[in-house]
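Enquirer: Heads up: the protein sequence lines correspond to chains Y and W, in order. Residues 1 to 256 in the numbering used here are what the first sequence spells out, letter by letter. Residues 1 to 274 in the numbering used here are what the second sequence spells out, letter by letter.
Watch out, some of these pointers could steer you wrong.
To give an idea of the chain W side of the interface with chain Y (calculated C-beta under 10 Å), a few residues [claimed, not checked]: (1) 29; (2) 35; (3) 37; (4) 48; (5) 49; (6) 56; (7) 133.
Some chain Y residues well away from chain W (every beta-carbon gap over 10 Å; in silico) [to be verified]: (8) 9; (9) 129; (10) 204.
Just so you know, the hints here were simulated from the structure itself, not pulled from any lab data. Glycine included, every Cβ here is placed at the ideal spot set by N, Cα and C.
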Amino acid sequence: MTIARDTWWMVVRQARNLMREPIWIALLLIQPMIWLLLYGQLFSRVPALRGSASTYIEFLLPGIVVMNAFFGGTWAGMSMITDLDRNVVSRFLATPASRLSIVLSQVVRAGLTAMVQALIILLVGLALGVRVHGGAAGWLVVLVIGALVAMVFAGISHGIALLVRREATMIAAANFVGLPLMFLSSILIQQRVMPGWMQSVARFNPVNWGVHAARDAVVTGGQWGQIGVNVLLLLAATAVTSAFATWTFRSYQRSI
Amino acid sequence: MLTTLTTPDSGQALVAGHDVVRHPNRARHAIGYVPQDSGVDREATGRENLMLQGRIYGLRGAALRQRVDDLLQLIGIAEASERVVRGYSGGMKRRLDIALGLVHRPSVLFLDEPTTGLDPEARAAMWVEVQRLAAQESLTILLTTHYLEEANQLSDRLAIVSRGQVVVEGTADELKRGLQGELVTVELQDSNGSAADAVAVVDRFPGARETSLDGRHVNTRVPNGAQAIPAILGLLDDANVTVASVTTSRPSLDDVYLHYTGREFAADDTGDAP
């Protein structure tokens, strides 16, 4: 399979380049911890927010995994703009490289990064006394959810990157999408205490699908059917947004 | 279009025998493309760049490593191969660009203005490089350039493109000869009396055009200077005109370029006039 082979080598390239950035690695590790500690302290006094979880940090941890993955995915398109600016993409286009792999590798890379971060967050949580009630399967669900949420938004992000092709516009677009979707989810508070209309909107928010599945795995450690439905929804969303990114890539190809 | 980056609206194009529309991947395997603006991955090392490029073309294992080693040697950046490209000089980056186009042993290499932005020394080095590559890798090189001196030095055949149309093509010598012919200047020993005769004598040579007198110099244009000089000297000798020196000069490629693109402008101007 050329697509799989090319995608793999392009993921290797991107991952290796990122590992050369010490600041990037530092942020990768530190950022989730800061969120976990900051929000954990901020909201820990309000018991109504955490629902059935025994501590707020236990309630928050799966949310932070999803939030991290979601932000990572939203910004993933920046690296496509860099590659476009530096003519790396046009160099690949003159080779027989699978065209699909040029886009898909970026999406996969975002998913893998989020997975590594999810693992770090789980380990930090373990140190803070958070028990994953779903056991080993629970850990796996959280990792998969991290990857899927990142990939859903990496697809959108790359689609936008390929349409606007400018960093400044890209930043504006990412912020425009990012913050509303975060507050229209139960990352920070449980869904039941949200205003009614927000609850209805949140039902269609992929961020929220991820939060629910990850929280089921960590806090309740059951409801595997619900988790399965949310994972399937995220898989479908990944397929749709990746198709969108691929479509914008075609239109980029036509524009050169 | 020939690099398969863009698709033609109509018509057919073959590169190394492959149809670029119907079999783009076959064409891509046959060509190497070195874009005008470097397409190297600046955050990766020179070796990593070449390895990835080779893998895209389906090379692997020992064969790939050997090829990459050879290329690093060939372009003279073997010592810098483990360094990140961001720290390379402009010339090194350019040579790495070319090596990226060569990994899969293409039969045709497209070089898009390979010396733009290089200092004269690096440019001269690049010319030597290109000539060596053409010989060593038995390549057909299609090079585009704005430097006529470069076209003159490197090309076996050249085409001048103006407004998207090939206006003329041939070898550099053919084009220069095809222009107004070569300039032959005869310097006379003394200018008194015989000068006007000398002009008439020179003009009698078949093919001589635009013969004129400038002080003690008689200028004329002939299709081939080297062949014309003995005959012209013979004619002058018969007419008892003493000659001090003879020189010929060929039109430069600049003259050829201006001739063909200038004519385009003129034609366009009349075309646009109401």
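Enquirer: Against each hint, give a clear statement of whether it holds in the structure.
Expert: Hint check results:
no.	hint	in the structure
1	29	holds, 6 Å
2	35	holds, 6 Å
3	37	holds, 5 Å
4	48	holds, 7 Å
5	49	holds, 9 Å
6	56	holds, 4 Å
7	133	violated, 18 Å
8	9	violated, 5 Å
9	129	holds, 40 Å
10	204	holds, 38 Å
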